[in-house]
Amino acid sequence: MKKVITYGTFDLLHWGHINLLKRAREMGDYLIVAISTDEFNEIKNKKAYYPYEQRKMILEAVRYVDEVIPENEWEQKAKDIANHKVDLLVMGDDWKGKFDSLAKYCDVMYLPRTANISTTKIKNELLLANAY
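Its first residue numbered 1, the sequence shown is counted upward by one per residue in the working numbering.
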């Protein structure tokens, strides 16, 4: 069985997220999604609209996802790869090169982001819409 893992906040789930999850799942037999906890997001100066437990529930309902685990810190990726016997780490290409050091534990692949969609874009558009 080939195991794949990806990481992210996955707030305001949109079709760009689904594209990433679908492509990641097609690269293996089992997809693990590690999502940033609220506490970890705070460390990263990032604020999610939905709290961790709700984001987890949403991702668990996505058919491409086999397992959802918490991401508590930057340094846990190597441990996750070992503990879950992961063969491939998949990330969006906005992270290109950032996780190359993990190639000693598993294959690392960066996928192109889906054009014209992001959680930041959605939040900005909602703010603009509410400004009128």
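Mixed in with the good hints, there may be bad ones.
As the list claims (entries may be wrong) - List time: in silico DSS-like cross-link candidates among lysine-lysine, alpha-carbon distance up to 27 angstroms:
id, residue 1, residue 2
1, Lys2, Lys47
2, Lys56, Lys22
3, Lys104, Lys123
4, Lys121, Lys47
5, Lys79, Lys123
6, Lys96, Lys56
7, Lys98, Lys56
Because the hints were derived from the structure by calculation, they are not lab data. Fair warning: this is a prediction, and the values are worked out from it, not measured in the lab.
Violated hints - listed by number, lowest first: 1, 3 and 5
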